[in-house]
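Use the sequences and the hints to build the structure in full.
2 protein chains.
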Amino acid sequence: MREVAVIGVGITKWGEIWEQSLRDIYVETALLALQDAGLDRVDSMLVGSMTPGLFVGQEHIGALLADYLGQKHIPAARVESACASGGLAFRMGFIEVASGISDVVLVSGVEKMTDVGGDEATYALSTAADQEYEGYHGLTFPGLYALIARAHMEKYGTTREQLAMVAVKNHRNGALNPHAQFPFEITVDQVINSVKVADPINILDCSPITDGAAAAVLVPADRARAAGKSVIKVVGSSHASDSIALAQRQDITWLEATYRAGKKAYAMAGKNPQDLDLLEVHDCFTIAEICVTEALGVVEKGRGGAAVEAGETDRDGRIPVNTSGGLKSKGHPVGATGVAQVVEVVQQLRGEAGGRQVKDPRVGMTQNMGGSGASTVCHIFERE
Amino acid sequence: MREVAVIGVGITKWGEIWEQSLRDIYVETALLALQDAGLDRVDSMLVGSMTPGLFVGQEHIGALLADYLGQKHIPAARVESACASGGLAFRMGFIEVASGISDVVLVSGVEKMTDVGGDEATYALSTAADQEYEGYHGLTFPGLYALIARAHMEKYGTTREQLAMVAVKNHRNGALNPHAQFPFEITVDQVINSVKVADPINILDCSPITDGAAAAVLVPADRARAAGKSVIKVVGSSHASDSIALAQRQDITWLEATYRAGKKAYAMAGKNPQDLDLLEVHDCFTIAEICVTEALGVVEKGRGGAAVEAGETDRDGRIPVNTSGGLKSKGHPVGATGVAQVVEVVQQLRGEAGGRQVKDPRVGMTQNMGGSGASTVCHIFERE
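Chains as they are written, first to last, in our numbering: chain A, 11 to 394; chain B, 11 to 394.
If you're looking for bench data, these hints aren't it; they were derived computationally from the structure.
Glycine included, each C-beta is placed from N, C-alpha and C at the ideal position.
Label-pair ranges, simulated between beta-carbon atoms:
1) A/GLY307 with B/GLU26: 44 to 52 Å
2) B/GLU38 with A/GLU26: 41 to 49 Å
3) B/ALA257 with A/ASP53: 22 to 30 Å
4) B/ALA257 with A/GLU394: 46 to 54 Å
5) B/ALA257 with A/GLU362: 40 to 48 Å
Here is the structure:
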């Protein structure tokens, strides 16, 4: 397999984007990534999107978006793994370049979620759960993560305040991200007193409904070197799955797919959790970030809440987590999230993260998750 | 890149399968492929499915089906390219094995289309068209292909009878396929006098709405050799795209994506159309088979209809096309079709195609198409 590097990234302002369609958002973002890469043609493209069929009545977006981007005739595929669709697109692109099948691959994620009403969006998202055993019985994602949060609090003594602190930290980072949907700070009191969604989860524990896209260009590392830019290599790539239904898991506080994907990515990269200078994880709900940091081994099992409280995952802490603002503050256009995580890590490793720049990072990791953790895609990046 | 071979295939009876769910159909079919391969564990799996969100309210089927198959924890991805989703899954699996990322990859396609009513199914399928420029103005797929058929008749003198002969030939083959949804013969008169759908397309020119799945197991060719079975190598793999909206094409009788994918697959395999012993193509409507055989160069441009009339594409003709019965007689569970084409070619190359066996074929090709031709995936197979 060939060494692979990210040569360009692009992201646009996320939010409720009523004046642009899915195809407009995609093209604007993809062009930024191509511009950053200094390229105007690609050999192949992959788009991660969870359910454009339910959100905008359009499937077959691979070919559609290739055409609108002016890249008609190239291989153009959509991939889906619920909210891990973006990470999956990145991984498939990585495999394509590593294999030698393609030299320049554009990977992206896109979701246009606000063209439908709130009930329809909740239904569309619920199709990532096990519909026969969860969805049809009324469980939606806030409910699923509330079950996980309650179990974590019972088992490890995680507090309501610690959950809130995840949101507070991520908003503190997101306030410095010009692309974030909600670029402002919040307080623990505000989180705890915000509208209840599914006890113990309040509205400010939840990532929002968002329109947005993110893109990255992958090439063989040699080609990135020749281009004379910072070479950000993809040194680890992994994907793992688990039972979708929570009822089928041994311990709902433990994200087995994330644990397994993390382990594989570390092994492939020859790294361990202590080598990471920053980490972007899937904080769809505050409890998710806590469970993910435990499963990836960056904090001890059960200590996820305590680590946030101690400031270990702050931007200037032992291991900065979600310097982008995370899904919580930056927004969560589901299929786009995994690629946006890559954009943040690449910008940090290049030293281009502006006000939220971590001091001289060399190794970064992304963890993108589908459903209540049944799919996880991880990547590890290293600056040469 | 490593040489890749198909070591196992599986398909079940297609039709209106009301007593089984999507997950049941998938598991039954995947187990047949694993049994055929003599394996009980896989490293990774890819599922092609067009829109399980709209058909059965369930996205995220990669992880779900891995779990139900007893393969929990493996990387499990869904890919989509409308009706070319199955072919795309096969191609992604090919790339995974060729790259060295995985040794044993299970690829499959599945669609459960009859759990919704006819109007909802028509809507779900229409999301493969350009919704903003076609779907929302009332165009559905029979209408799109009727435009293509009318133009082909005008430009090349293709006759109504020639269109019907495609269906007659494919039903003649399908009558010998135990998995076909409609395993019986029909006549030109029956096609011409069947219910009008969109002039000149009648109901017997259309592939049906179908529930079904198909699966194949890919391994490095060395491993297939060691297993002591017929080694069916994947010698060509390609994917190409085009504008989705017919209005944006220069000539709607010409399938540019199919032409380009065919050219790439021939080049990769070092073959030309004359080397093919059989061909499975995407006859979603009778006119589609005519246009595809022209774009792949197995018949001269404009002669697709005349070639069918002359019997050139019959099972004992110059180049047998759709010995399986094609989408027309075998059925068309959209995401499954591309993998079912592979199943037919592999069974033919192994000499296991029963009553529809072609005499001693060595090289076969599949062509799987999305929308009105905006996506095409081709593969060429060779028996060692």
